[in-house]
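2 protein chains.
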Amino acid sequence: MAITRLGFKSLITVQDALNKIKSSISIRIKDIEELNLLSSLGRVSAEEIKATVDIPPFDRAAMDGYAALSEDIRGASLNNPVILKVTGKIEVGEISQLTLKTGEVMEISTGAKIPEGADVVIPYEEAKRVDGYIEVYKALPKWKNISRKGEDLRKGEIVLTKNQVIRAWNIGVLASLNITKIKVYRKPRIGILSTGSELIELGGKIEPGKIINSTKWMLAALTIENGGEFIDLGTAQDDIDEIENKIKNSIEKVDIVITIGGTSVGRKDYTIKAIKKLGAKIIFHGVSIKPGKPTGVAIYNGKPIVMLSGFPVAALVGFETFVKPIIEIVSGIKFMPLPKIRAKMSRRVASTPGVRDFLRVKVIEKNGEYYAEPLKLTGSGILSTVTKANGIIVIPEEVEGLEENEEVEVLLLRALEESN
Amino acid sequence: MAITRLGFKSLITVQDALNKIKSSISIRIKDIEELNLLSSLGRVSAEEIKATVDIPPFDRAAMDGYAALSEDIRGASLNNPVILKVTGKIEVGEISQLTLKTGEVMEISTGAKIPEGADVVIPYEEAKRVDGYIEVYKALPKWKNISRKGEDLRKGEIVLTKNQVIRAWNIGVLASLNITKIKVYRKPRIGILSTGSELIELGGKIEPGKIINSTKWMLAALTIENGGEFIDLGTAQDDIDEIENKIKNSIEKVDIVITIGGTSVGRKDYTIKAIKKLGAKIIFHGVSIKPGKPTGVAIYNGKPIVMLSGFPVAALVGFETFVKPIIEIVSGIKFMPLPKIRAKMSRRVASTPGVRDFLRVKVIEKNGEYYAEPLKLTGSGILSTVTKANGIIVIPEEVEGLEENEEVEVLLLRALEESN
Chain A
14 MAITRLGFKS LITVQDALNK IKSSISIRIK DIEELNLLSS LGRVSAEEIK ATVDIPPFDR
74 AAMDGYAALS EDIRGASLNN PVILKVTGKI EVGEISQLTL KTGEVMEIST GAKIPEGADV
134 VIPYEEAKRV DGYIEVYKAL PKWKNISRKG EDLRKGEIVL TKNQVIRAWN IGVLASLNIT
194 KIKVYRKPRI GILSTGSELI ELGGKIEPGK IINSTKWMLA ALTIENGGEF IDLGTAQDDI
254 DEIENKIKNS IEKVDIVITI GGTSVGRKDY TIKAIKKLGA KIIFHGVSIK PGKPTGVAIY
314 NGKPIVMLSG FPVAALVGFE TFVKPIIEIV SGIKFMPLPK IRAKMSRRVA STPGVRDFLR
374 VKVIEKNGEY YAEPLKLTGS GILSTVTKAN GIIVIPEEVE GLEENEEVEV LLLRALEESN
Chain B
14 MAITRLGFKS LITVQDALNK IKSSISIRIK DIEELNLLSS LGRVSAEEIK ATVDIPPFDR
74 AAMDGYAALS EDIRGASLNN PVILKVTGKI EVGEISQLTL KTGEVMEIST GAKIPEGADV
134 VIPYEEAKRV DGYIEVYKAL PKWKNISRKG EDLRKGEIVL TKNQVIRAWN IGVLASLNIT
194 KIKVYRKPRI GILSTGSELI ELGGKIEPGK IINSTKWMLA ALTIENGGEF IDLGTAQDDI
254 DEIENKIKNS IEKVDIVITI GGTSVGRKDY TIKAIKKLGA KIIFHGVSIK PGKPTGVAIY
314 NGKPIVMLSG FPVAALVGFE TFVKPIIEIV SGIKFMPLPK IRAKMSRRVA STPGVRDFLR
374 VKVIEKNGEY YAEPLKLTGS GILSTVTKAN GIIVIPEEVE GLEENEEVEV LLLRALEESN
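Residue numbers (our numbering), protein chains in the order written: chain A, 14 to 433; chain B, 14 to 433.
Calculated directly from the structure, the hints in this document are not laboratory data. Bear in mind that the values here come from a model prediction, so they are computed numbers and not experimental data. Check before you lean on any hint, since a few could be wrong.
SDA-like cross-link-like pairs, simulated, lysine to any residue; straight-line CA separation at most 20 Å [to be verified]:
(1) A:LYS347 - B:GLU238
(2) A:LYS401 - B:PHE348
(3) A:LYS35 - B:LYS337
(4) A:LYS22 - B:GLU138
(5) B:LYS347 - A:LEU351
(6) A:LYS401 - B:LEU425
(7) B:LYS401 - A:ARG202
(8) A:LYS286 - B:GLU138
(9) A:LYS347 - B:ILE354
(10) B:LYS337 - A:ARG427
(11) B:LYS63 - A:ASP72
(12) A:LYS389 - B:ASP67
(13) A:LYS353 - B:VAL407
(14) A:LYS102 - B:ILE253
(15) A:LYS218 - B:GLU107
(16) A:LYS162 - B:ILE219
(17) B:LYS218 - A:LYS218
(18) A:LYS306 - B:ILE296
(19) B:LYS347 - A:TYR383
(20) B:LYS102 - A:PRO221
(21) A:LYS337 - B:LEU425
(22) B:LYS347 - A:LEU425
(23) A:LYS35 - B:GLU430
(24) A:LYS347 - B:ALA428
(25) A:LYS22 - B:ALA152
(26) A:LYS63 - B:LEU215
(27) B:LYS389 - A:ASP72
(28) B:LYS337 - A:PRO352
Assemble the whole structure, with the sequences as input and the hints as a guide.
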């Protein structure tokens, strides 16, 4: 008599799973590539950059007007205007060889180097031009309307640290230092291995009882969106040896492996069996998360293997929750949090205590307030709920449900204005 | 006697400027390109897609277990188990030709098509296998643990609307329908024209009094990051005719023009003069925003021209505030809001009433609370403040300042965990 009792003996909490990921995975991409400045956008810097010059490189006018000596206009007032002689004009990009003497001003354009002697710029608005002279009615403090040399960046100052993600404004700063190329770490290579004898490749002929492997393409898109390079490791049949061999033969060329499917604890769950046969170290398997319970993480040859469910929404939740933190460790990328908005629940929703629940909702505006309407279909395979949803509510383990009109934080999946 | 009084006569509010943009700009990209599914990520759909089949295409097992007739187990309980005969096994991807009769079950894998006659799946956990039979202790409702045909998507249902931004999960849904190519609108072409005789090209030789054109590269990076194609329109000297001709000669090949610099109302402000000479319709010029006051928008040949300040931070604020909404109109892209966090002001900050102020801050965590520390340098040219900042606080027009410990919303420029 053979008795079969299957199911996860115990489930780890999401937080404990993340802690285990942090303490177990230490591999870090070290390969470096040198890119043109603009191509480095979004990449992780592999070098520290210091300012080689002061920025601005010289004291320059911050407004259009007249370069002057602040001493000369110290006593200026409406009743007692100071009259100064205009001795020349400095266009931006030009250098004046003259030294300004007391009683003199020079017309100057924003951005132009101020002449020797000058320590203030009187804006056009605060001077009345009378032929070759100006009348000034107001005192201005020393260095007013002048951008000082090195005010923005001082020579030797660090402008980009190693491991910093390069953003648009970093590119601006690096350009201002005339830096044309920058060393970055290569992108993380994320190998995706699909498993399941029921899978047909995208574009293939549909056969009865079979389905298109669509989860792979969603995960490939998430990989690219999150700074990774997608490596297609193909599809293994429901066969422990085939899955094992496919991982063994590809582990060298990727930084992270994602497997899709076969990760529950049924008798058909070949992936988890293959991972064990491979001798990979299981970090955790079975998480109190919904959807995504059978998600697991293992390490083989120092490289993380993330076992995601074949159900698309469970795979999506698994990617957001576990793959992204692993990409951060392996690549040095730091992800921004998803944008959030506050909304009121349009109706009551129950949730399993002890489980972190990912509820798909549609946020709508009604009389200037946001309401989150839970979508009815909540199966882990129901990808259409994510395409109909524009937000996700994460219901924490200690919460048993959400009440009607309760205020909640919704993670936005797409802009609210979007038609869908 | 010549009198010079310069400066903006009046400034438009940001909201009025945005309203004018919405009511004045109607041009929309219509060119279509067909892409491979994965390449369509982040692009704007140019076609409506309907499901050509039901998804799932058949009733299938949602768990591993035994396909059965719900009638048979209606009275099952711990004291009164029902005993059913296992007549076969259906692997995923296989089709059973048998029809299940009363008293019979078939072992079935998750994802496999359920056999004719079956209307419930008994999970392994709820059945005790005794040789060729199972004992069932619990009734299950009809269709329990079965994903119904068409439950996710019904044939004919719209899965992607025209003008929708294609996200990872849309790619998953489209793949499940075996769609390999998708028509999208081409990316908006954003031409960037730099102006200023003081500018040296990136990589060029530095000359006294001149500076590298760094704002262009920051704006190019912002363009790419926001789904646009960067078209370099080169640099015009401080010469009205040259600026006018460069815009005239390039307007046909771009959807949006951004000019950098020369947009104030000083005598050196050649760009605004060139725009006027060109005969472009000025939508607004001069905004109550800080930094970025001289920002303007015009329309020429139906195409928007955005005049941004040459000062990098002012240009950044102008891009975020005005260029992004214009990209949305022209391309159909919808941007997600920047992620926000709530923080307390670490010190008091003053702000000019009537002006929308963009304050750069560094958010730090202290005893589990977030504090926003305003950066001291706040000139519009000071790009280093943005690279040192990790957040921006938008101080609205009606607010005169922020108090110490006041709770504020900070727009995140980068992940807080990032070193910088």
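Structure-based check of all given hints:
A distance of roughly 16 Å separates the Cα atoms of LYS347 of chain A and GLU238 of chain B; the hinted pair therefore holds under the 20 Å criterion. As the CA atoms of LYS401 of chain A and PHE348 of chain B are separated by approximately 18 Å, the hinted pair is consistent with the 20 Å bound. Simply put, LYS35 of chain A and LYS337 of chain B have alpha-carbon atoms about 37 Å apart, too far for the 20 Å limit, and the pair is violated. A hinted pair counts as satisfied when its Cα atoms are at most 20 Å apart, and LYS22 of chain A with GLU138 of chain B qualifies at roughly 12 Å.
Straight-line distance between C-alpha atoms of LYS347 of chain B and LEU351 of chain A comes to about 15 Å, which keeps the hinted pair within the 20 Å bound. Distance restraint check for LYS401 of chain A and LEU425 of chain B: the Cα-Cα separation of roughly 27 Å exceeds the 20 Å cut-off, and the hinted pair is therefore not satisfied. For the proposed pair LYS401 of chain B and ARG202 of chain A, the alpha carbon gap of about 30 Å is over 20 Å, so the pair is violated. Annotation: proposed proximity of LYS286 of chain A to GLU138 of chain B holds, straight-line Cα distance about 19 Å (limit 20 Å).
Between LYS347 of chain A and ILE354 of chain B, the direct Cα distance comes to roughly 16 Å. Compliance with the 20 Å bound is thereby established for this hinted pair. Note on LYS337 of chain B and ARG427 of chain A: the hinted pairing holds, with a Cα-Cα distance of about 16 Å set against a maximum of 20 Å. In summary, the hint linking LYS63 of chain B to ASP72 of chain A is not supported, as the alpha carbons are separated by about 63 Å, beyond the 20 Å threshold. In summary, the hint linking LYS389 of chain A to ASP67 of chain B is supported, as the alpha carbons are separated by about 18 Å, within the 20 Å threshold.
Distance check on the hinted pair: LYS353 of chain A and VAL407 of chain B sit about 17 Å apart at the alpha-carbon level, within 20 Å; holds. Straight-line distance between C-alpha atoms of LYS102 of chain A and ILE253 of chain B comes to about 19 Å, which keeps the hinted pair within the 20 Å bound. Proposed proximity of LYS218 of chain A and GLU107 of chain B is supported: the alpha carbons are some 16 Å apart, at most 20 Å. Of the supplied pair hints, the one linking LYS162 of chain A and ILE219 of chain B holds, its CA atoms being roughly 16 Å apart against a limit of 20 Å.
About 60 Å separates the Cα atoms of LYS218 of chain B and LYS218 of chain A, which puts this hinted pair outside 20 Å; it is violated. Pair hint LYS306 of chain A plus ILE296 of chain B does not hold up; C-alpha atoms about 55 Å apart against a cutoff of 20 Å. Proximity of LYS347 of chain B to TYR383 of chain A is assessed by CA-CA distance (about 19 Å); at most 20 Å being required, the pair is judged to hold. Pair hint LYS102 of chain B plus PRO221 of chain A holds up; C-alpha atoms about 17 Å apart against a cutoff of 20 Å.
About 19 Å separates the Cα atoms of LYS337 of chain A and LEU425 of chain B, which keeps this hinted pair within 20 Å; it holds. Distance check on the hinted pair: LYS347 of chain B and LEU425 of chain A sit about 13 Å apart at the alpha-carbon level, within 20 Å; holds. Proximity of LYS35 of chain A to GLU430 of chain B is assessed by CA-CA distance (about 14 Å); at most 20 Å being required, the pair is judged to hold. Taken as a hint, the LYS347 of chain A and ALA428 of chain B pair is honoured in the structure, with Cα atoms around 6 Å apart against an allowance of 20 Å.
Distance restraint check for LYS22 of chain A and ALA152 of chain B: the Cα-Cα separation of roughly 24 Å exceeds the 20 Å cut-off, and the hinted pair is therefore not satisfied. The suggested pairing of LYS63 of chain A with LEU215 of chain B holds, with an alpha-carbon distance near 17 Å, which does not exceed 20 Å. The hinted pair formed by LYS389 of chain B and ASP72 of chain A meets the criterion: a straight-line CA distance of about 19 Å does not exceed 20 Å. In summary, the hint linking LYS337 of chain B to PRO352 of chain A is supported, as the alpha carbons are separated by about 17 Å, within the 20 Å threshold.
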